[in-house]
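Turn these sequences into a full structure, and let the hints steer you where they fit.
2 protein chains.
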Amino acid sequence: MVDCIIIGSGVAGISAALTLKANGKSFLLFGVKELSQKIVRAEKIRNYPGFLGENGEAFASMLQDQLKKEEIEIVCERVSGVYALKEKFAVSTNEGGMYESKTVILASGVEQGKQIDGEKEFLGKGVSYCATCDGFLYKNKKIAVVCLSKTFEHEVEYLSSIADKTYLFPIYKNVEVTGERIEKIVKMPTKIVGEKRVTGLIYPEKGEERRLDVDGVFVLKESLPVDALVSGLETENGHVKINRQCETNLAGLYATGDITGRPYQYAKAVGEGNVAAHSVTEYLQKLKTE
Amino acid sequence: MVDCIIIGSGVAGISAALTLKANGKSFLLFGVKELSQKIVRAEKIRNYPGFLGENGEAFASMLQDQLKKEEIEIVCERVSGVYALKEKFAVSTNEGGMYESKTVILASGVEQGKQIDGEKEFLGKGVSYCATCDGFLYKNKKIAVVCLSKTFEHEVEYLSSIADKTYLFPIYKNVEVTGERIEKIVKMPTKIVGEKRVTGLIYPEKGEERRLDVDGVFVLKESLPVDALVSGLETENGHVKINRQCETNLAGLYATGDITGRPYQYAKAVGEGNVAAHSVTEYLQKLKTE
Numbered sequence: 038m039v040d041c042i043i044i045g046s047g048v049a050g051i052s053a054a055l056t057l058k059a060n061g062k063s064f065l066l067f068g069v070k071e072l073s074q075k076i077v078r079a080e081k082i083r084n085y086p087g088f089l090g091e092n093g094e095a096f097a098s099m100l101q102d103q104l105k106k107e108e109i110e111i112v113c114e115r116v117s118g119v120y121a122l123k124e125k126f127a128v129s130t131n132e133g134g135m136y137e138s139k140t141v142i143l144a145s146g147v148e149q150g151k152q153i154d155g156e157k158e159f160l161g162k163g164v165s166y167c168a169t170c171d172g173f174l175y176k177n178k179k180i181a182v183v184c185l186s187k188t189f190e191h192e193v194e195y196l197s198s199i200a201d202k203t204y205l206f207p208i209y210k211n212v213e214v215t216g217e218r219i220e221k222i223v224k225m226p227t228k229i230v231g232e233k234r235v236t237g238l239i240y241p242e243k244g245e246e247r248r249l250d251v252d253g254v255f256v257l258k259e260s261l262p263v264d265a266l267v268s269g270l271e272t273e274n275g276h277v278k279i280n281r282q283c284e285t286n287l288a289g290l291y292a293t294g295d296i297t298g299r300p301y302q303y304a305k306a307v308g309e310g311n312v313a314a315h316s317v318t319e320y321l322q323k324l325k326t327e
Numbered sequence: 038m039v040d041c042i043i044i045g046s047g048v049a050g051i052s053a054a055l056t057l058k059a060n061g062k063s064f065l066l067f068g069v070k071e072l073s074q075k076i077v078r079a080e081k082i083r084n085y086p087g088f089l090g091e092n093g094e095a096f097a098s099m100l101q102d103q104l105k106k107e108e109i110e111i112v113c114e115r116v117s118g119v120y121a122l123k124e125k126f127a128v129s130t131n132e133g134g135m136y137e138s139k140t141v142i143l144a145s146g147v148e149q150g151k152q153i154d155g156e157k158e159f160l161g162k163g164v165s166y167c168a169t170c171d172g173f174l175y176k177n178k179k180i181a182v183v184c185l186s187k188t189f190e191h192e193v194e195y196l197s198s199i200a201d202k203t204y205l206f207p208i209y210k211n212v213e214v215t216g217e218r219i220e221k222i223v224k225m226p227t228k229i230v231g232e233k234r235v236t237g238l239i240y241p242e243k244g245e246e247r248r249l250d251v252d253g254v255f256v257l258k259e260s261l262p263v264d265a266l267v268s269g270l271e272t273e274n275g276h277v278k279i280n281r282q283c284e285t286n287l288a289g290l291y292a293t294g295d296i297t298g299r300p301y302q303y304a305k306a307v308g309e310g311n312v313a314a315h316s317v318t319e320y321l322q323k324l325k326t327e
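First to last, the sequence lines map onto chains H and C.
Residue 272 in my numbering sits at position 235 of the first sequence, and the numbers go up by one each step.
Residue 299 in my numbering sits at position 262 of the second sequence, and the numbers go up by one each step.
None of these hints come from the bench; they were simulated from the model.
Fair warning: there could be bad hints in the mix.
To be verified - So, partial list: chain C residues that the calculated Cβ filter (under 7 Å) puts toward chain H: (1) L55; (2) A59; (3) I82; (4) N84; (5) P86; (6) L89; (7) M99; (8) E309.
Glycine included, each C-beta is placed from N, C-alpha and C at the ideal position.
Spelled out as structure tokens, the structure:
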């Protein structure tokens, strides 16, 4: 069991990792190889102290060098759930991994895109965020896939290999998914409907509402809604509620960066990552002496 | 009148300045040419995201370059008081300057050294932090000067040119002050005594308490006690009390960096500087629309 699991490899997560490393704590940093889309895509950075480069690409490459120098590796799995147990946490991933840690730092950023009406209501009742976790449930059935990033195209293909019919709503450019049983609809769905479980999806076409009958809706996005990730976590206006020590309402669980609210800035995220790592260090000390 | 006055040129103040600049706000940044002793003296920095250099000197030089690039200049005067007026602030300096602003960001770091017993009690009643402000009061009198940094030696000399007798307690190495009317005592005073006003200073010598009769005590240090700087400011365990928006109990007054408490880290200070600048920007917007 590691001391801490950090979820998210944006600047907040990296800041936390660097400080935990300096403090001699063991941890796993979950994220993606390219660190975060938000870093890489930044066109101009001018208010981050100590960074004189121009854009996000240069910043990301600097962070990559720093991670390498400090021998910090990123675990490239997508976290699907965080479970608070007695004085420890279990963290599951889309890839089927299950990890344990004494503490958790949430640094997974703001949820990408608005939620669709009904998305929260039917989560676990036909709505899923994880193709590999729930895909098998839709053998020979009809599904819709709302896909917010090109990076999930292989998951769309996987789903379409199971389901009888896959309606793909791509919310990004340069779609390259093909498949006989895939039908692309370039619209933004407005509502997920059903009774006990999902029965359909509504989307607009030529000023009118169109309805598709489906058995399930997969929403594939980079950052999950916070309350889908951790059950029992207190939120406020869609952000995780924290205090100045980055503590959430769950003991041992901390949150940092965009997930805790505005300003959505590197400097703010870096600061909170640092504070959370210090709070984790103090918490571990307390666990030890108890 | 400027939009904001930032007090302190450590990383917190610089972070705030860079963000205010990016937000198109006018401001004055008070500090010292070398930015801050704390930055320059850092031997090793390993947990500040994006900085791969080794030590504080390299970090400070990077920040200097960034300030230059953004055309931000430091006003090298020492702030002696902040006065909250109606929807604006007046800021006085040891050099005799008086400036006005709509908001203030305190980023002056933690107070250097412990306070001497009686220092707070007799502030303004014989205890002073400012040679140029109060020196003239001690013409032909006896004073003690507790000096915490070599940078104040010219102020010690100035005081000794006014007072009849100056007892210098230097709390640093390589003392180079000389003067016929100066007597050096290499001890740390323990208590300032008096009734309505200061009458003496106590220090230890050979296990015993020694008492000097003096009319005034000057304490020269880089960061003033918070409550000496701003009257009515709410503190907590010696730090300025703020919320997650870096707001203090006084409207329009914000605090960031070490002055708000631990962890005393660059990343934390940078984050708070950024947040404070955003809070200032929102506050100015509100002032405008009221």
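Taking the hints in turn, this is what the structure says about them:
Below 7 Å, beta-carbon pairs count as interface contacts, and C/L55 has one with chain H at about 4 Å; its hint therefore holds. The beta carbon of C/A59 is positioned within 7 Å of a beta carbon in chain H (closest approach about 4 Å), and the interface hint is therefore held. For C/I82, the interface hint is violated, since its Cβ never comes within 7 Å of a Cβ in chain H; the closest pair sits about 9 Å apart. Annotation: interface hint on C/N84 holds; nearest CB of chain H at approximately 4 Å, less than 7 Å.
Because the closest C-beta pair between C/P86 and chain H is about 5 Å apart, less than 7 Å, the hint holds. Checking C/L89 against chain H: minimum C-beta separation of about 6 Å stays under 7 Å; hint holds. Interface restraint check: C/M99 against chain H, minimum CB-CB distance 5 Å, threshold 7 Å, status holds. Given the 7 Å rule on beta carbons, the hint for C/E309 holds: about 6 Å separates it from the nearest Cβ of chain H.
Of the hints listed earlier, the one the structure fails to meet is number 3.
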